[in-house]
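Asker: Build out the structure end to end from the sequences listed, making use of the hints.
Residue numbers (my numbering), protein chains in the order written: chain A, 1 to 206; chain B, 1001 to 1206.
Incorrect hints may appear among the rest.
[Stated by the list, open to error] Below, computed lysine-lysine pairings styled on DSS-like, alpha-carbon distance capped at 27 Å: (1) A:Lys189 to B:Lys1191; (2) A:Lys76 to A:Lys94; (3) A:Lys191 to B:Lys1152; (4) B:Lys1191 to A:Lys152; (5) B:Lys1094 to B:Lys1152; (6) B:Lys1189 to A:Lys191; (7) A:Lys152 to B:Lys1189; (8) A:Lys76 to B:Lys1076; (9) B:Lys1191 to A:Lys191; (10) B:Lys1094 to B:Lys1076; (11) B:Lys1189 to A:Lys189; (12) B:Lys1152 to A:Lys189; (13) A:Lys76 to B:Lys1094; (14) B:Lys1076 to A:Lys94; (15) A:Lys152 to A:Lys76.
In short, the hints are calculated from the structure, not lab data.
There are 2 protein chains.
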Amino acid sequence: MPKGKVDPANIPNDGLTTRQRRMLPVTAVNTGDGKGKSTAAFGMALRAWNQGMSIGVFQFVKSAKWRVGEEAVFRKLGELHDETGVGGPVEWHKMGEGWSWSRTKGTEDDHARNALDGWHEVARRLHEETHDFYVLDEFTYPMSWGWVPVEKVAETLRNRPGTQHVVITGRRAPQEIIDVADLVTKMEKIKHPMDQGRKGQKGIEW
Amino acid sequence: MPKGKVDPANIPNDGLTTRQRRMLPVTAVNTGDGKGKSTAAFGMALRAWNQGMSIGVFQFVKSAKWRVGEEAVFRKLGELHDETGVGGPVEWHKMGEGWSWSRTKGTEDDHARNALDGWHEVARRLHEETHDFYVLDEFTYPMSWGWVPVEKVAETLRNRPGTQHVVITGRRAPQEIIDVADLVTKMEKIKHPMDQGRKGQKGIEW
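Answerer: Next comes the structure, spelled out in structure tokens:
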């Protein structure tokens, strides 16, 4: 994609300079039934880390075993930052049974409650501008299932202070979230090894 | 996606055990007009690195400035491997004006020749099983432009020895490559900040 090429006809009448517009927070959504939604989100986080941004990952899934590779690497990158100052700090939180910051561990059956707790924590951090770059992994599901109020999420994202970037992944992104997003990409499956009866593979799937 | 759930009706009659099938090399293609094609490929490479795989990245673009973030992080990960043994080794090659391994630097106008040289090197490495995981970034373009013979690429990919995974990115993936691939994902643009006259942003686009 050519960098810096903007059709003048498309420049918005928002009173902002290009520089100001460049510093706007980005809300990105990776949705669709194909692969690469989370993977691309973590790839974006990699770039943000390299720019020295503070990364906050929140995995809204019961089991996070599919992302152990990314988690391991980002934890190493976080340590690298803490030890040498390169890149940015990294926090990686997963829902599992409750969240790491929560004193009261939820139970396996508390998914709805856990998801809502997770969102409240994210909202708190957005309010306090804790991170520069948030990955809300698989966050579309608790919204679709009614566990987390979509309108509230859209409102919080719309009104968040500063330049905090947020990437949301998962199938069936609610329309309210699409509306508030700047960058929405649909990953569509054209062909998948499992169609040929193949299982997940080390280094590819996890 | 549920792990390890394979519809028995879909198990191929190829005489392989699940374990053998799991060790098959994967050919993945990220195509389409949307974002996230390369980003997801580098995310996959991250997982592969974490499994100790040897990573070879080949960028088939004239200017690689859009991937400086990924390159910086992967170079750090490569150093981390060399110093401490965690993860796998990393080689990152970009076309630019000729390739880093090439003694005779090409000129700006030698794109077709440079691209073909790059492919020959990749083919050589596939033959020698140099890496475990290859990212051929933006490789669809030299193929569509006729600079690199698609049939030859498909044949080389189909007959490569061992368990070498290959991920190819770029718009308009040729049908011959789709045919040889196991995993094909199309990234489709639903909404993009540039539609609203916004430029690329630090930590997001580079």
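Asker: Next, verify each hint and record whether it holds.
Answerer: Results of checking the hints against the structure:
The suggested pairing of A:Lys189 with B:Lys1191 holds, with an alpha-carbon distance near 19 Å, which does not exceed 27 Å. Restraint check: the Cα-Cα separation between A:Lys76 and A:Lys94 comes to about 17 Å, which is no more than 27 Å; the hinted pair holds. A hinted pair counts as satisfied when its Cα atoms are at most 27 Å apart, and A:Lys191 with B:Lys1152 qualifies at roughly 22 Å. For a cut-off of 27 Å, the pair hint linking B:Lys1191 to A:Lys152 stands: about 22 Å separates their Cα positions.
At most 27 Å may separate the alpha-carbon atoms for a hinted pair to count; B:Lys1094 and B:Lys1152 meet this at roughly 21 Å. Proximity of B:Lys1189 to A:Lys191 is assessed by CA-CA distance (about 19 Å); at most 27 Å being required, the pair is judged to hold. For a cut-off of 27 Å, the pair hint linking A:Lys152 to B:Lys1189 stands: about 26 Å separates their Cα positions. Straight-line distance between C-alpha atoms of A:Lys76 and B:Lys1076 comes to about 11 Å, which keeps the hinted pair within the 27 Å bound.
Proposed proximity of B:Lys1191 and A:Lys191 is supported: the alpha carbons are some 24 Å apart, at most 27 Å. A hinted pair counts as satisfied when its Cα atoms are at most 27 Å apart, and B:Lys1094 with B:Lys1076 qualifies at roughly 17 Å. Our distance criterion of 27 Å between C-alpha atoms is met by B:Lys1189 and A:Lys189, whose separation comes to about 14 Å. Of the pairs offered as hints, the one joining B:Lys1152 and A:Lys189 holds, with about 26 Å between alpha carbons and a cut-off of 27 Å not exceeded.
A distance of roughly 26 Å separates the Cα atoms of A:Lys76 and B:Lys1094; the hinted pair therefore holds under the 27 Å criterion. Restraint check for B:Lys1076 and A:Lys94: the C-alpha separation of about 26 Å stays at or below 27 Å, so the hint holds. Note on A:Lys152 and A:Lys76: the hinted pairing is violated, with a Cα-Cα distance of about 34 Å set against a maximum of 27 Å.
Checked against the numbered hints given earlier, the structure breaks only hint 15 and satisfies all the rest.
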